[in-house]
Each structure stands twice: as C-alpha cells, then as structure tokens.
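Two chains, two frames, a set of hints: combine them into the complex.
Note that the protein sequences, when read in sequence, are chains A and B. Take the first sequence: its position 6, counting from 1, is numbered 6 in this note's numbering, and each next residue is one higher. Take the second sequence: its position 116, counting from 1, is numbered 116 in this note's numbering, and each next residue is one higher.
Bear in mind the hints are in silico, worked out from the structure with no lab data behind them. Don't take every hint at face value.
[To be verified] No farther apart than 20 Å at their CA atoms in a straight line, the calculated lysine to aspartate or glutamate pairs in the DMTMM-like style are these:
no.	chain 1	residue 1	chain 2	residue 2
1	B	80	A	281
2	A	206	B	32
3	A	56	B	54
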Amino acid sequence: MDQEPSLRTSVAGIELLHPIMNASGFLGYSKEHIRRLASYGFSAIVTKTITPYPKKGYDPPIIIALSNGGLLNAVGLENPGKECINEMVEEAKKLGIPIIISVGGATEEEFAEVAEEAELRGATAIELNLSCPHAKGYGIEIGMDPQKVFSVVKNVASVTKIPVIAKLGLSDKVLESAGKALEAGASGLTLINTIKAMAIDIYSLKPILTNVFGGLSGPPIHPIAVRVVYEVYREYKADIIGCGGVTKWEDVAEFVVAGARAVEVGTAIIFSTTQHKFVEEMLDSLRNWLKMLGFKGIEEVVGIAQKI
Amino acid sequence: MLESTRLRYIVKPARVIENKPISGSMHILRIELIRHSVEVEPFNFFNIWVPRVDEIPLSIAYADSKSLFFIYRIRGVGTKTLSQLKPGEFIGVKGPLGKGFKPLNNRRWLIVAGGVGIAPVPFLLSFAIKTNTKIDVIWGVKKSDEFFDLSNVFGLKQRGWRLIKVSEDCQDGLCGTALSVLNSVSINDYDVVLAIGPQQMLLSFCRMLKDRENVYVSLENMVKCGIGVCGSCYLKGSHKLLCIDGPVFKCSEVVDHLESSIS
Ligand SMILES: Cc1cc2nc3c(=O)[nH]c(=O)nc-3n(C[C@H](O)[C@H](O)[C@H](O)COP(=O)(O)O)c2cc1C
Ligand code: FES
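Here chain B stands alone, though its shape is the one from the complex (with noise of 0.2 Å):
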C-alpha cells in the first residue's frame, strides 16, 4: 500500500501525443506515461508539470489503457506555455490524487456543470455506461462556441446518459445558466447531485439545495502540492483537504468554506 501512495506522489515522465484547441475556449491535452501505469476513477486529477513553468493540477477528462486525457482552459501562464507544447514534448505528471467518486450499479446521477467544469464529465459517464447508472448533464456555458461534442471526442456510447446545453448568449440549447435550468428538474428523481464549475456556481448550487443530503460539488482550487503537506488546500472551518479527502464533498461540508472564501 505504502508503494501504492509514492507511486501516485512521483512525478512521472509523459509524452504529449495531442495537444490543441477543442472550442472556443477548451483545449485537448493528450498524453502517455512513459514507464508508469495508473489505475484512474472519474474526479481523480493530476498535477501536471510543465518543465520549468509551473505545475498545474488538472482532472481527468478520459483515460484508456495507453493514454490520459485532461480539459482545460488557458487561465495564466502555466496553462498558457502547456498550450503551446508540441506532440513529442515531454512533460511530467503527478497523480492520480484525490479520491475517486464513482457510481454504484443502477443508479440516477444529475451533474451541473458550468463551462470547464465539464472536464471530469467524460470518464464518469464512462464508468456510468458500465455500471447501468443513468446520468443526465446540464453544461451551461457562456457562450456557445465553448461548446464541444462531448460523446464524439471519446467515442462515448450514446446509452444511458443526456446532455441539456445552456447557454448565456442563447445560441445554442436553452437560454440562461446551468443554475436556472436546475430550477426547473425534479431533484427527487436522482439519487446524486453534483455540481462542477467556478465557485460561485457553486456557493449557489449549495444555497439552493442546502436541506439536501446527496447534493456534493467538485471544488478545483487552491491546490499546490497535491500530496497533504503544504495545507494549501485547507477547507476553512474543517480540517479536511481537498487534495486527499476531495475534490467531491457534500455541500454540507464546504458551504462555509464557500461563504467565507467568496466574500
């Protein structure tokens, strides 16, 4: 086990087999491990270490026996110089951190995903089409050339799973936001409900169903080490990390820590 622990903690060589733009504002980072294997479950994330730049921790968008595949948007420079890695380049990934939160066997799932946060969305629904788990989508984004085709990229089986596209420029699929479509489906038919995106989306989302019991968010921030030592990633108020015991919580256990780092 003890191995099993370092494994995951090592920086690991990969080479970048693919690496482009995948909407408006996603891109595509494929890559392999040069020496290693990695077992993966659906919100586990990597740190992703671009040489000499930075270090950026990334969820796992789809993994399949050779490659890992991670979505992300440009935000500084660390994300900015990974943009512009050429297949071939070496890089180096730390991982996979975090806990995995996976379906069971026949189960509803509703995933609220704002813009990027769709980015753990395909390797779930992987692991749902396997476990017979039904999983309807809400991705609200701003505009709609953020928008891609989520089954096509992975070659996801169209069974057991919907999309509902939103937008805020209203140009394609509903008008409006993640959030105000949510107001509108029957939270009792599901027996999850997560949501994934910026933290006010969330701070929201926990608001709005704050008397549930099987509502959680997958917080993305904050991260530094990834390995539970530098406590960057405190949630405020319990003594839990993010890198080891998330990034899925309850909203019963992060509101407070969404209040307070929002205000």
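Isolated chain A, as found in the complex (with noise of 0.2 Å):
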C-alpha cells in the first residue's frame, strides 16, 4: 500500500503538523480568540501584533470587503498591550499548538521590549511586524528600509532565544531588507504583509475607511505574494512563510513550490463559510496532489519551481 504523502514541516525551527497557520490581525489578543482560531484546525498560531502599551485603533469602518474579492483594512494595530500575551500561551499550552507572538512598536526598544516578554512567557517564536501599511511610524516605514530592519532583528535576536521571523511587505527594496533581516539573525520570513491601497463610495462621493488608506488582502494580493517568496527564495534559500491571498489548497501549494515551508491564511477565513473545516478540507487536497505527482511529503517540493 503507498503511504499518505507527510505534510509534516518546519519552518525557522518551529516543528508543524502541517504548513497551514493564521495570519497575524484575525483575531489574536484574548484566550477566547486563541480557543476559536485553534478550533480552524491551524498547525500554530499567530497572535495579533501586539505592542508594549494597549493601542487604541482606528474608528470604524476599519475592515470592508470589496467586490474585486479583496479585503481592505486599516485597524490600525489595535491591541491591549503587551500584558496579554501570558494568557494566550497559557491558552495554546492548553490546547498542545505552537504559538508565535506578532511582535510590534514604534522604536527598536518597544519591538525588544515585547519580545522578551514572549520569551519570558513561553511563547514557540516571535514574528516582527515590520510591514503594517497604514498604521504611522510602526509598519512599512521599518520594512522598506533595509537599514531599519536589520538594527530592529539585531536587537531583537540579541535578547531573545526563541526564533524571530521578520515579516516583510512589498516595497521596491524588500529583496534586501530580507538580506539584511537574515544578516541580522532573523531564522525566517513571513512575506508578505497587507499592500497599501483605498476604496471610494461613488455615490456619497467619499473614501470609505475612516483612516482612508488601507491595507489589501485577499486573492487580488496572491500573485504579487507569490513572486515576493520566489524571488527571495531565489536569493537567500531561507525559511519562509508565504503569506497573501491564500484561498484554495492550490494557493499553498503555489506558495510552496515558489519556496515557502508554511504559509499564513488571514482574508479566506472569513469567506469561508465552512470555517471548521477548510483547513482540513485543504490539507487532504494537498495530500492528493503530492500523491498524484508521485512525492512523499510537502518539504520535497519547497522552491521546486526554481528549477526553470
């Protein structure tokens, strides 16, 4: 009898069931959202980004939905601060899954600061948000910035001993800025974050979101996700985690084969109107199609489209 293909992984030294676990910013910063998103069925957890001090965010609307299938967003990294991460890695303890604090500040020492807090909690990794497109002096500024990002890894990985993955955005200089993240001690990436964008109501004549700009998500992102992780595979051979647009088991699998060992699924959780099951519905696709193709697990065709 042929074996089921493994869609066993690791990606920066975190052990994964299987490749599939949330984006940061879907819920993620209570124990009764950790409760709900490990009931999806996720490998691990990847809480909201999580900044020393609460943040008050932005006044709704903050999230729409738009007719292209996208979805655009400007929280504006809300969160309680960082006094919530101890009963979320209680929770995840709880439930026996890897856990991965999303890590935000505005100075290099706000990122250390709830990092070692991660640390000291028990946390499996720490993921740095470097590339929030709308919330000012905390996100993209840092990601597009190959110098910012490598002092923020640097400081980071030199007081903490859990892995830090660095989650990059799209910007004219994000092959370097993963160079220099790596350079800087970084065991993997997450690419990429939400892509600045707007929407305009054409009858009241104005933009929607309160902040008016926003971030995309969603499918209309994928494409562009995919050719982030491609070319940075290309150059680095580094641990990734492919994140964009993610809908339908062949999104992952196009990740993977583009060089991604995990990918994070945000947007299509929502969609899904079969939420406790289309992880699982994804993962036996992906075991059919390595069947059918003839390999016996999923770390057998991370980056094999390089090959061209």
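This is the structure:
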C-alpha cells in the first residue's frame, strides 16, 4: 500500500504538523480568540501584533470587503498591550499548539520589550511586524528601509533565544530588506503583509475607511506574494512563510513550490462558510496532489519551481 | 456560497428615503439599496456607514421588497449625524450581519424588550404572522413618550401577537419595568423566551430564568468590524463572536460574559 504523503514541515526551527497557520490580525489578542483560531485546525497560531502598551485603533469603518474579492483594512494595530501575552500562551499550551507572538513597536526598544515578554511567557517564536501599511510609524516605514530592518531584528535577536521571524511587506527594497533581516539573525521570513490601497464610495463621493488608506489582502494580492516569495527564496534559500491571498489548496501548493515551507491564511477565514473544516479540506487536497505527482512529503517540493 | 458571504461584507451604497423621530427617544430610518438586493432575517443587523463619521451597527427593524428599516436612539456623534441625514442623501450598509433567529411553525414566543430593544421586533412579528407563531411582547420604557405605535408604522396585521406596555413613569400601560411584569407571566406557556435591551436588564433576565433551556438574549454592543476579524465582540469565557454567532445567544452561553462586563 502507498503511504499517504506527509504534510509535516518545519520553518524557522518550528516543527509543524502541516503547513497552514493563520495570519496575524485575524482575532488573536485574548485567550478566547486563541481558542477559536485553534478550532479552525491551524498548525500554529499567530497572534495579533502586540505592542508594549495598549494601542487604540482607528474608528470604524476599519474593515470592508471589496467587490474584486479583496479585503481592505485600517484597524490601526489596536491591541491591549503586552499583558495579554501570558493568557494567550497559556491557552495555546493547554491546547497543545505552537504560538507565535506577532510583535510591533514604534522603536527598537519597544520591539525588544514585547519580544522579551513573549520569551518569558514561553511563546514558541516571534514574528516581527515590520510591514503594516497603515499604522503610522509602526510598519512599512521600517520594512522598506533595509538598515532599519537590520537594527530592529538585530536588537530583538540579541535579547531572545526563541526563533525570530521577520514579516516584510511589498516595497521596492523587499529583497534587500529580506537579506538584512537574515543577516541580523532572523531564522525565517513571512512574506508579505497587506498592500496599501483605498476604496471610494461613488455615491457619497467619499473614501470609505475612516483612515482613508488601508491594507489590501485576499486573492488580489496572491500573485504578488508568490512573486516576492519566489525572488527571496531564489536569492537566499531562506525559511519562508508565504502569506497573501491563500483561499484554496492550490494557493498553498503554489507558495510551497515557489519556496515557502509554510503559509499563513487570513482573509479566506472570514469568507469561508465552512470555517471549521476548510483547513482540513485543503490538507486533504494537498495530500492528493503530492500523491498524484509522486512525492512522499511536502518538504520535497519546497522551492521546486525554481528549477526552470 | 463564498460569493454570498463577500456580498454581505461589502459596503453597499444606499439612499435615505425617510429619517425622522418616531417617539420621544427613537428615530426611524428607511433606506433603499442602489445596486444590490439582500435577504434578511429577524435579528440580522447591518453596519450603517455614515460617510466620514462612523459605522453603526443597527438591527433590522423591518424589510420589504424595496426598503430596509431601522429604529435607533441617538447615543453619540455617529447616531446624531445619522439623525441629521435628509431623504436623498447617500450612506452605505454592510450586511446582513450575524445569524438570523426566526420562529418555526406554530410556536409560542415571549419577547421582553427594554427601550429601543424593541427595534428588531416588528420584523420578527412579520415572520411570526407568516409562520403562525404566537408572540407576546412585553415592552418596557422609562418614559411613556418613548412608545410608538408598533403595528401602524409597518402596517403589521393585528394577528397572532399581543403587546403589553410597561412604563416606569406609569403614564401608559402597566407601571414598572419589563422584568417586573415577567414575574407575573407563566413562562412555561412559551417555547422561546427572549430578552432584548440594556445589558443590566439582560443580566437580571438571565439570572431570573437561569435554570431554563429555552431562554435567549439578543446582545447589541461591542461590534466594530461586524465580520469576525477585529475580535472586539468576543464573549468572555467563550470562543464565540457576537457578530458571527449572534446576536442571539442562550442565557447559558452569555451569563459569564454579562457578569464580567457589568461588574
Ligand atoms: C483586518 C486585518 C488585520 C491585520 N492585522 C495585522 C497585524 O496586526 N499584524 C500583521 O503582521 N499583519 C496584519 N494583517 C496582515 C495579515 O497578517 C496578512 O499579511 C494579509 O492579510 C495577507 O494575507 P491574506 O490575504 O491571507 O489575508 C492584517 C490583515 C487584516 C485584513
Ligand atoms: S465586530 Fe469585529 S469580530 Fe465581531
């Protein structure tokens, strides 16, 4: 009898039962949120980006669906501050699931402060959010400056022993920033975050989001994310988590053959009408796909599309 | 299916048809969608986008083939600005959001509404009339000028439902609160008992009837995104989200949450 192909993978030193985790920002700042995310069947939970102190977000509307299939958001990194890390890690441990704390900050010191708290509480790893396109001073301004990426990652990597993953967004310098993050001690990269965008109501003639600009996610950004993963993998052979527009198993497969060892899913969670089954359904299809192509495990196909 | 979820979450342009006070403290808003059509059930809600000001979650009060109706109270800048919109002006609506909650055939329901908690009741009654469910409504207000004529506003048939009015100023209907009347009702006569209104009232309601299975509350606060992403509407001690799994919950599901958010 043929053995079922294995979906086990590891990324940045984190062992995963399968490659699908959630993307940061879809719930993820209380123990109740962790419980709900775990019930979807992800292999690891990524929290909302946590800053040292409570941060108030923008006023609604903060998140809207678009008719092109995308989602537009300007939440503004709202979160209760680093005090919430403890209860989330405890909950994840109870559920036996790895937990990655997404860390944000306005300064190097703030990033390090949250990272230290995450390590102290026993988190599995840290994902540095260097790429939010709409929270002023907290995101893409850092990610698009390779030198800043280097110093934030270096600073965090020097105070923590758990794996540090740098999450970068789309910018002209993404390749260079990725290199600097790795040089500074990141064990992995998450690529990509949302892309700066906007939506205007053509009757009231006004921008819809309170913040005017927001971040675009979902299917429209997937091909861009695949391109970034492909280029970064080609350059550095790094451990990559693909993120952006994963809706179906085919999107996971595409990320993996481009060079990702795992993926994160965000927007698709909310559009799915079978929230508690859709990860499982994608996993089944991935196994069938590997079997059809004659592979024994998903790790065999990481980056395989680079051979052209 | 995917497409229908997406359609619900899009901000759909709408035109204000009517927007005026309906009682001492409540306003009625009637709108028409410009390009879309939606299917709505009782207890669904919509996030009403008041351009450049706010996005306000409001229960559906009534819907016909063309229009959506909402009943609201002025609580802050958003609802204040909403109340100033004139017929012909444009807004946007995200929805229908949440899960509907509607009667099966031939049931008996008791609704306990406090103040503007009456908002979703007209649409519920129109469903009940269709399904032959009998509904008794206890509607309590602080001041009797808050009452409006429930059947006239939406042209509801006077069939299969009864209204018991209660006011704290004792000027109209019974004297007291909605819950004080509940004490003298025979709860066993009903298949479903559901309360809608201020949190404190819902908590007292759930404490009073906590040993029963078929008691529900409709929650109405904490919603921001309305689509299950921002997490602001989670119920403490539970993995449920108001905007996805609610707004109607069994008392047993929310009593911890109500206790901890009120204390
Ligand atoms: C509402 C919302 C909130 C988000 N918040 C965060 C966040 O706090 N930190 C972060 O790193 N990314 C955040 N993101 C970006 C997502 O993690 C992800 O990178 C992006 O949505 C692309 O993936 P998707 O197409 O699967 O949604 C957010 C995205 C959305 C839609
Ligand atoms: S209001 Fe945002 S998750 Fe419910």
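Here is how each hint holds up against the structure:
For the hint pairing residue 80 of chain B with residue 281 of chain A, the CA-to-CA distance comes to about 47 Å; that exceeds 20 Å, so the pair is violated. For the given pair, residue 206 of chain A sits about 19 Å from residue 32 of chain B by alpha-carbon distance, which is consistent with the 20 Å threshold. Our distance criterion of 20 Å between C-alpha atoms is met by residue 56 of chain A and residue 54 of chain B, whose separation comes to about 16 Å.
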